[in-house]
Amino acid sequence: MTGGEFQESGKAFGGSRGTRTRANLPGRFRTGIRIGRIALTAYVLLMLALLALPIVLVVVASFQGGMEVASRPDGWSLSAYEAIPTNYWDALWFTIRSAFWATICALVLAVPAAWGLVRGNLRERRFVSALVLLPDAVPSITLGIALLALFVPLGLSNSFAGITVALTVISLAMALRFTEALMGGVPEELEQAAVTMGASRVTALTTVVLPLLAPGLAIAALFVFVHNLVTFELLLFIAGPRATPISVQLFSDIVDRGVLPQAIAMSAILVYVGIAFHTLVAMTVGARYLAGSAMARKG
Amino acid sequence: MADEPGKVETVDGKAIAGYARRFSMTAASPERLAQPSADRGWRDRLFYRAFTFPALLVVAGTAVLPLALLLFWSLVDQRSGEATLRYYAQSLASPYFLRILLTTILMAAGVTVVSVMLALPMAYVLARHTLLRSILVPMISIPRMLPFVVVGYAMVLLLAPYTGVMNKALIAAGILSEPVFILFGWPGQAIAFGYAGVVIAIAILTGVFMTVDPQLEDAAVTLGAGRLEAALTVSMPLAAPGIVAAAALIFSTVVTSYAIPVMLNSRTPYMVSVLIYNNLYSLQERHLAYAQAIIVTALAIGVTTAAQIFLSRFGSRR
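These protein sequence lines map, in sequence, to chains A and B. Note that our numbering has the first sequence beginning at 1, numbered continuously upward. Note that our numbering has the second sequence beginning at 300, numbered continuously upward.
It is worth saying that the hints were derived from the structure and are not from the lab.
Here's a subset of chain B near chain A, in silico, CB distances under 8 Å, partners left out:
#, residue
1, Thr361
2, Val363
3, Tyr494
4, Val498
5, Arg526
6, Ala558
7, Leu579
8, Ile600
Everything numeric in this text was worked out from a predicted model, so none of it was measured. C-beta: ideal position from N, C-alpha, C; glycine also.
Only chain A is shown next, with the shape it has when bound in the complex (with noise of 0.2 Å):
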């Protein structure tokens, strides 16, 4: 059908006159719906196959214990996840300890600021969330050496305040988008009713709001803890021999000695992680979170 015909039927809409309907269309285009969606049901097939192939392949290969896929499987084992050295633990252990601590402080940042912004409606409200979320503006690799310039007078290179730091400014932004979204749910009668009955604002803000958060909170908790634990440009630059995030150990090894079996093992594990994540996420607040842009952060 040209485009032609289809501003003719708009103008039939115009003239509230149909021209034609599915029901009589020619035989002609229902044997192309047909193989439209053949045609389709075969493009989402491939490219599911496409994008799950290399992780199912980084998963097969740690349960096989070489450097490789095997073409034929004759030794399933655990040994690749018996040979992970105590550093890659001590760098996991690392990651997780400073993701947890950066998700606590951007969200006691985040949820004073998302209530002051929403609720006192401030005139600078597009230009402080615009400033918050700078971070994720600029390419992580700059941010990076920005901060490495600033960390090594400082002294907060290569260690774990340093990357906590850094993983906090990131968060931050992520934290602020997340709770600013969830206060606009929360109707400010329900503060104003509190009010009313003596409370003072900030008791209102403690004892009506925070509860009322509490569910959304948790799950934005968990959503910037998992993005900490895979942050890798960002930290490239001030970790070192004493601060180590397990992206960036994982990463080093693959540069100096190439693809080890435990370092195979050690990112099945981060795949292990992310499904996990995922189906918490998915059983608790459904897919639906898991698309559109909110969630979109450059690794």
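Chain B: place on chain A using the hints.
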């Protein structure tokens, strides 16, 4: 009409809205507390503003200050400490840097176009089928929660010349007689970037298409448009802002990406982030690296801003 709100309520949509507004006003007027937020005095605003200060302070200290320092140092000579534009001039006049920048831009642009094209139909299908979406979106989003590093490992397992699954399968099937060396060159990097790009694009575009009302398309179909035509001429223009935003995000991610170029042989193609890293660490040309980082940042943010400006023009003219 105004005397009997009970009657007006049933007439039509507009009257109901008017009724609701009058009702809420009469309910609110005795209660001074319910005044609109815009009327708050300066003391009130200061109270609310105080709650945003901690967050602002942290952002100022850990994002604005470092970036300002980066800009400042890129304008200062590393040895003598004098103000200079030398690092920018040196970068922008050197054919070497410009060639690397061009390679990077071409790679990023190609990856962006291809991954958006591949992701569009998938996102459309996911947005229209609720059941499919609730099953597939968590599966597809798993790679988003992995470090780029893990994607790099996966690509090595898939594409490596002798040990990679793809080469072994193609040789076993008799299609290839000897392994192809695509991993450690631009095709390998393009595939790795494309993988990451498709994952980002599907997630964002699914959200975008979900905001487009499917009934608009149904209307076009009842008026005689084909399904495909309705999708292309009705939903696609409505989703255009989201598509451009996703493309800008992918572009700026690829332009500044460091992990994949280095993991998959950092030499060909030589991406600009690798050059910056080498200037910073191997060559100890810190201020030159700062200047180049600023140039790349300006490029990435410029593309995003240009996309937004283009969209607002394009949107208002329609």
